[in-house]
Structures are given as structure tokens and as C-alpha cells.
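Numbering (the numbering used here), first residue to last: 181 to 554.
Because the hints were derived from the structure by calculation, they are not lab data.
Remember, predicted model here, so these are calculated numbers, not experimental data.
C-beta: ideal position from N, C-alpha, C; glycine also.
Any given hint could turn out to be false.
[As the list claims (entries may be wrong)] Here are the simulated distance ranges between beta carbons:
#1 440 / 223: 40 to 50 Å
#2 211 / 394: 37 to 47 Å
#3 211 / 392: 32 to 42 Å
#4 407 / 200: 47 to 57 Å
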Amino acid sequence: MNVLVVNAGSSSLKLRLLGPGDGLLASVDLHAREGRPDPGEVRSAIRGLARLGTFQAVGHRIVHGGTTFTDPVVVTDQVIKDLRGLTALAPLHQPAALAALTEVRTAAPDVVQVACFDTAFHARMPLAAFTYAVPADWRERLGVRRFGFHGLSHAYASRRAATLTGGCRVVTCHLGSGASLAAVRDGVGIDTTMGFTPLEGLVMSTRSGNIDPGLLLWLQTSAGMSADELTDKLFHRSGLFALAGTADMRTVVDRATAGDAAGSLALAVYLHRLRAQIAAMATALGGLDTLVFTGGVGERSAAVRAGAADGLGFLGVGIDPDRNTAHTDGDSDITDPGVATSGVATSGSRVRTLVVEAREELEIARGVRACLAG
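Required output: the full structure, derived from the provided sequences and hints.
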């Protein structure tokens with residue numbers, strides 16, 4: 181079965197046509213204006229992809245499935261209505277994904293559409309991991325809980341790691357513009373760093389990550405900030421951007437290397453939080469067999485990988501400087517095909533450390549086929 185994978189972002193729409201063996205048959209990247217792709221461009225792209233290779237199903241990346249959607253599901257009018265009801269929980273991502281779904285559904289009305297969810301991988305976390313210590317009315321009536329995100333990336337990276345190393349206790353580090361970790365045991369997500377929204381957890385490009393909720397109350401009551409202003413500051417003007425004046429990790433690392441104070445502080449804060457939360461994920465697993473870096477920063481920043489490993493020697497993590505520096509992109513799983521050696525780990529380290537290319541489209545295609553196979 182050929183599957184067309186649709187991955188909608190706030191400024192782009194990525195279309196990937198995958199064959200039965202997940203080989204890439206064609207790809208198209210479209211610009212999205214204000215989170216909505218141009219309908220004419222979508223129709224043109226769909227026709228072009230159809231000429232290159234017919235597709236029997238379409239898989240859509242949807243960021244939030246709430247507690248209703250914990251597995252891939254065939255898209256119906258009711259499903260779309262339910263997903264729109266979750267927009268308030270992911271206001272930066274849900275509208276773009278639903279707009280893309282609508283346009284692709286219109287362009288290919290006779291092809292089955294399947295929604296795959298970033299939250300689904302975390303839906304089976306233990307009760308203790310997803311429960312906030314807040315009033316019962318919030319939890320029961322309002323549905324307040326930890327959801328977790330980047331699930332499609334964590335699912336693929338952890339499965340790839342298990343295939344290569346056989347390790348059952350895996351911590352996956354999805355480090356990009358947004359960033360999160362997941363603790364995975366035997367293929368099941370048991371903890372993660374993001375929570376009710378994609379704001380919780382690590383320091384990110386423009387998002388704050390964990391902060392004291394009392395600070396938000398103080399900013400509202402004493403500094404007179406509105407909810408809209410706080411939302412803008414925390415999602416768009418915090419993180420690396422707030423500390424170094426840039427959201428680009430490459431620039432932060434270059435400035436830190438050159439001795440720039442702001443760049444050095446931004447990198448130090450980022451790595452301090454990253455190390456602490458990797459250790460927390462390992463604690464949830466009762467130990468660590470494999471550490472995985474994925475996402476734009478995880479795959480391409482040797483400095484971040486080295487900085488994350490620094491101080492985690494007590495867990496058995498060790499990164500070889502030469503292997504780490506030599507790696508720039510894509511999978512770096514086995515340095516020698518004939519030797520079971522991890523990609524960037526030191527030869528004596530107990531924990532296998534891998535760099536895995538983010539391939540969410542493969543996880544989506546897998547979900548589509550599983551859904552349609554029943």
C-alpha cells in the first residue's frame with residue numbers, strides 16, 4: 181500500500197509519498213500562510229503526486245488527540261468535529277493540521293484519510309506519571325492531566341533504538357525548535373517531559389519550559405499581565421530567544437564558544453535542564469540501556485550531545501569526542517556494521533548512545549497500515 185503522509189506545521193506543509201516498503205517515492209513541501217496552505221497548491225501537489233504513484237491512503241499528523249484518540253483513526257466528519265474541540269489545548273498546532281486535513285480531503289475525496297496523533301504514544305503512561313496534584317474537580321470535570329507530545333518521533337526513535345541495541349530501557353531526546361524527552365520501556369512510553377501543553381519541560385527555542393506557576397500568578401496580580409500577554413511571552417519570547425536574543429541553537433553554540441556571556445548562559449541553562457530531565461527519565465525506568473538523540477538539534481549539534489552527556493557518567497553514559505564530532509546528520513547507529521558498537525558512545529560505556537534521524541513519516545505510515553488492517 182502506498183501512503184501519502186501529511187505533516188502540517190505553522191508555516192509549512194510537508195507531503196511524503198511512501199511505497200509498500202516505506203521507500204520515499206516523492207516529496208513536496210508547501211508554504212502555509214497563517215497556518216493554512218493554499219488550496220490551489222494542495223490540489224496541484226496531490227495531482228502531481230498521484231501521477232508519480234497512486235496512493236491508497238493518507239496519513240495526517242495531528243498534534244492533539246486528547247483522551248478520546250489514543251490510536252490512529254479513520255477520519256470522519258465527527259472525528260474532525262472532535263479534533264476541533266481540542267484546539268484550545270494546542271492552539272499553535274491543531275488549526276494548521278486541521279486546515280491541511282480539510283484541503284487534502286477535498287483534493288482526494290475518494291481516498292481514506294487516517295489521523296495519527298502525537299499524544300497517542302504517551303496515552304498509556306502510568307496513572308502516577310500523567311496525574312497532576314491539583315483539585316479533583318479540575319482533573320475529573322475539566323480533564324486536566326499530562327498528555328505529552330512529539331509522540332510520533334519518540335515512537336519511531338525508540339523502536340529504531342530497540343532494533344539496533346535490544347535495550348528495553350530507552351530515553352529518547354527529541355531536540356528541535358520544540359523539545360521533549362520520553363522514557364520508554366519495552367516500546368511503551370511510561371513518562372515524558374511535556375505535559376498539559378507543549379510548554380512544560382525542557383528549555384526550547386522560544387518556549388520557557390518548566391517555571392514556577394506561582395510566578396505566573398504574581399505576573400498577573402502584581403505586574404498586571406493578561407493571559408494573552410503571558411501566552412505570547414511564554415510560547416514565543418522565552419527559551420533561548422529570551423536568554424541569547426536568538427532561537428537558533430547553532431548561533432547560541434557559536435557565541436558560547438566565542439565567550440559571549442549571553443550565549444554561554446543560554447547554552448548552560450539549556451544543558452542544565454536537559455541533563456536533569458534525562459536523569460529523571462532514567463529514574464522512571466529504573467536505569468538506562470540506550471540514550472537516543474533525534475530532531476534537528478539532537479541530530480546536528482555535537483556540542484549539545486556532549487553537554488548533555490557531561491555529568492551523566494553515573495548513569496553509564498559516555499560519548500566519544502571524535503565519533504560525536506564526526507557525526508553531522510542522519511542515523512549514526514553502528515560505527516562498524518560488523519561490530520555491535522553504539523554510534524557516538526565511548527567503547528567502554530555501559531549505555532548505548534545513538535543519533536537517529538527523525539522519521540515521523542515512517543511512524544505515521546505504520547499507524548495508517550495498522551489502522552486499516554484492523
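Tested hints:
no. : hint                  : verdict
1   : 440 / 223: 40 to 50 Å : holds (48 Å)
2   : 211 / 394: 37 to 47 Å : holds (41 Å)
3   : 211 / 392: 32 to 42 Å : holds (39 Å)
4   : 407 / 200: 47 to 57 Å : holds (49 Å)
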